[in-house]
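Colleague: Read off the chains here:
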Amino acid sequence: MELVERYTKRARWFHWLIAAVFIELVISGMLIFIPWITSDTIGSVTRILHRVGAVILVGAPLLYAIFDWRGAWEFIREGLTWGKEDLEWLKAAPGYYFGGDPRMMPPQGYINTGMKLYRVAIFGGAVFFVITGFIMWFLKGIVPAAVFQWCLVLHDVTFIVAICMFFLHFQLGVFHPRMDESILSMYDGKVSGMYARSHHGKWYEKVAKNNNKEGSSST
Amino acid sequence: MVLLYNLVSTDKVRADSTHSTSDTDQKAMLVDVTKCIGCWWCYAACKNYNNLKETARPSPEDPPELSPDCWTTLFALPNGDGWSFRKQACMHCTEAACVEVCTAGALSYSPLGFVAYDPDKCIGCGYCGEHCPFGIPRLNGNSVTGLQKMQKCNFCEERVSAGLQPACAEACPTGAITFGNRDTLITEGKKRVGELKGEYPKAMLYGENELEGLHVLYVLQDSPEVYGLPENPQFPIAATINKDIIGPIARIAWPVVAAGLALNVVVAWFRQRRHGEVH
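Each protein sequence line maps, in turn, to chains A and B.
The working numbering numbers the first residue of the first sequence as 141 and each following residue consecutively.
The working numbering numbers the first residue of the second sequence as 2 and each following residue consecutively.
These aren't lab readings, by the way, just hints derived from the structure by calculation.
Glycine included, every Cβ here is placed at the ideal spot set by N, Cα and C.
Accuracy of the hints is not assured; some may be wrong.
[What the hints assert, rightly or not] Mimicking SDA-like on lysine to any residue, the simulated pairs with C-alpha atoms at most 20 Å apart in a straight line are: (1) LYS122(B) / LEU171(A); (2) LYS330(A) / LYS346(A); (3) LYS122(B) / GLY169(A); (4) LYS122(B) / LYS342(A); (5) LYS244(B) / VAL301(A); (6) LYS256(A) / HIS309(A); (7) LYS203(B) / ASN80(B); (8) LYS150(B) / PHE278(A); (9) LYS231(A) / ARG272(B); (10) LYS150(B) / ILE282(A); (11) LYS244(B) / PHE173(A); (12) LYS244(B) / VAL297(A); (13) LYS244(B) / ILE282(A); (14) LYS203(B) / LYS244(B); (15) LYS150(B) / ILE174(A); (16) LYS244(B) / ILE172(A); (17) LYS150(B) / VAL301(A); (18) LYS36(B) / LEU262(B); (19) LYS231(A) / LYS122(B); (20) LYS244(B) / TRP290(A); (21) LYS150(B) / LEU279(A); (22) LYS244(B) / GLY169(A); (23) LYS244(B) / VAL185(A); (24) LYS244(B) / LEU171(A); (25) LYS150(B) / LEU308(A); (26) LYS244(B) / MET170(A); (27) LYS342(A) / ILE172(A); (28) LYS244(B) / ALA286(A); (29) LYS244(B) / ILE300(A); (30) LYS122(B) / SER168(A); (31) LYS150(B) / VAL185(A); (32) LYS244(B) / ALA285(A); (33) LYS256(A) / ILE303(A).
[To be verified] Residues of chain A clear of chain B, computed beta-carbon distances all greater than 10 Å: (34) GLU164; (35) GLY219; (36) LEU227; (37) ALA261; (38) ALA286; (39) PRO317; (40) GLU345.
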């Protein structure tokens with residue numbers, strides 16, 4: 141069976157690192173709302189864990205960008221490149237994701253419009269988390285109390301949205317019958333040619349052309 | 002579900018609510034600034050009783066600020082040739098923002114009206130200090146690691162519960178601080194303000210209705226700002242949002258989104274199976 145590489149090893153490690161840190165931040169952050177768990181000792185520990193998670197959440201993407209600035213730039217560029225086709229995706233998406241005829245969805249590039257939206261959302265969410273978190277961590281007592289109060293509100297609102305986005309990401313990656321190769325591809329980095337053609341037609345065409353070129357030049 | 006339920010606990014028992022003791026049992030302190038001579042005995046008695054680190058003898062030129070080791074101090078203002086003073090400490094609000102934002106349950110409403118504090122439960126988040134309309138709570142410890150502990154006046158909870166007065170009130174030699182039933186003190190305070198009105202037209206009783214009623218009342222000679230008090234202290238709106246809006250939104254939004262996504266999977270699965278895409 142023809143296999144196409146979709147995620148590099150570095151990208152996959154990065155994905156799972158961020159996933160782990162996200163879960164860690166969710167748990168250590170939510171524990172503050174549960175008085176019978178946040179006793180003196182555990183409460184302090186969870187607050188340290190939240191800080192450690194925050195440092196990794198900020199540090200990991202920066203390290204990634206240092207090691208592979210081209211990939212990092214491409215990641216941002218793809219998410220911010222929008223065109224007329226995105227409107228067509230939006231029109232076709234409800235039927236497509238509710239199990240309608242897959243042919244109604246126009247061929248997509250390496251990432252589709254939904255993935256672009258997701259990238260924008262998680263990037264924006266991370267920015268909100270990091271700025272409000274930084275102020276609450278390092279500028280408590282320095283900024284006016286009202287600033288702190290609204291950072292807390294924003295941090296919590298962003299959290300509510302982030303959990304919804306996480307549910308969506310998890311559902312599409314793990315449970316959705318149309319994305320049946322998604323979770324595996326984040327494990328071994330590959331999807332079948334058939335999956336690539338049906339889900340990311342434009343990208344598959346490019347990949348196939350390159351492969352042919354390489355194939356013909358090597359003979 | 003317990004997790005979601007606990008996201009916002011709006012059921013903190015308010016001192017004035019029917020769950021608790023009646024208004025007549027409410028204790029308070031009345032601070033009459035006209036009687037304060039700035040002897041700092043309240044300050045010293047507080048440190049002594051609560052085992053707080055001692056500092057050099059304070060002066061009105063350089064009054065000590067509230068800190069984890071200083072739960073009550075004097076706000077000093079020049080007055081003619083000398084000074085006027087206003088005792089400064091936790092105001093023990095009836096509608097206390099600190100209690101409402103404390104997720105650890107360290108701050109609570111005492112049945113006697115004041116804001117009780119259990120340092121063993123404090124996790125050092127500092128939300129109380131950032132929401133207090135009077136800026137009273139102070140944190141010790143390391144703000145980078147977050148290993149901190151809040152400190153503030155606890156109304157000498159143990160003493161008051163045992164029928165004694167707070168240490169500061171007991172120590173005051175001039176009667177500037179009196180302790181007693183809140184209703185009685187309000188009546189006394191109003192009487193005193195009436196006496197002062199002739200000479201000081203701006204004289205007033207502060208704390209009767211502020212934040213649904215403070216448990217530290219002041220007889221002031223002048224407007225509150227002169228004594229470093231907010232004219233109209235407000236319960237911060239951000240605290241209301243955190244308490245009454247964000248938690249309920251999460252409790253509704255997350256299950257709804259999760260259910261919608263589950264429904265989507267089921268519908269997609271059946272429809273794809275019908276046209277042979279999944280088996």
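Colleague: Are the hints correct? Go through all of them and say.
Modeller: Structure-based check of each hint:
no.: 1; hint: LYS122(B) / LEU171(A); result: holds (14 Å)
no.: 2; hint: LYS330(A) / LYS346(A); result: holds (16 Å)
no.: 3; hint: LYS122(B) / GLY169(A); result: holds (17 Å)
no.: 4; hint: LYS122(B) / LYS342(A); result: violated (58 Å)
no.: 5; hint: LYS244(B) / VAL301(A); result: holds (18 Å)
no.: 6; hint: LYS256(A) / HIS309(A); result: holds (12 Å)
no.: 7; hint: LYS203(B) / ASN80(B); result: holds (16 Å)
no.: 8; hint: LYS150(B) / PHE278(A); result: holds (16 Å)
no.: 9; hint: LYS231(A) / ARG272(B); result: holds (19 Å)
no.: 10; hint: LYS150(B) / ILE282(A); result: holds (18 Å)
no.: 11; hint: LYS244(B) / PHE173(A); result: holds (11 Å)
no.: 12; hint: LYS244(B) / VAL297(A); result: holds (12 Å)
no.: 13; hint: LYS244(B) / ILE282(A); result: violated (24 Å)
no.: 14; hint: LYS203(B) / LYS244(B); result: violated (37 Å)
no.: 15; hint: LYS150(B) / ILE174(A); result: holds (18 Å)
no.: 16; hint: LYS244(B) / ILE172(A); result: holds (14 Å)
no.: 17; hint: LYS150(B) / VAL301(A); result: violated (31 Å)
no.: 18; hint: LYS36(B) / LEU262(B); result: violated (68 Å)
no.: 19; hint: LYS231(A) / LYS122(B); result: violated (53 Å)
no.: 20; hint: LYS244(B) / TRP290(A); result: holds (13 Å)
no.: 21; hint: LYS150(B) / LEU279(A); result: holds (17 Å)
no.: 22; hint: LYS244(B) / GLY169(A); result: holds (16 Å)
no.: 23; hint: LYS244(B) / VAL185(A); result: violated (24 Å)
no.: 24; hint: LYS244(B) / LEU171(A); result: holds (16 Å)
no.: 25; hint: LYS150(B) / LEU308(A); result: violated (39 Å)
no.: 26; hint: LYS244(B) / MET170(A); result: holds (15 Å)
no.: 27; hint: LYS342(A) / ILE172(A); result: violated (47 Å)
no.: 28; hint: LYS244(B) / ALA286(A); result: holds (16 Å)
no.: 29; hint: LYS244(B) / ILE300(A); result: holds (14 Å)
no.: 30; hint: LYS122(B) / SER168(A); result: holds (17 Å)
no.: 31; hint: LYS150(B) / VAL185(A); result: holds (13 Å)
no.: 32; hint: LYS244(B) / ALA285(A); result: holds (17 Å)
no.: 33; hint: LYS256(A) / ILE303(A); result: holds (18 Å)
no.: 34; hint: GLU164; result: holds (16 Å)
no.: 35; hint: GLY219; result: holds (22 Å)
no.: 36; hint: LEU227; result: holds (22 Å)
no.: 37; hint: ALA261; result: holds (14 Å)
no.: 38; hint: ALA286; result: violated (7 Å)
no.: 39; hint: PRO317; result: violated (5 Å)
no.: 40; hint: GLU345; result: holds (22 Å)
Comparing the model with each earlier hint shows violations of hints 4, 13, 14, 17, 18, 19, 23, 25, 27, 38 and 39; every other hint is respected.
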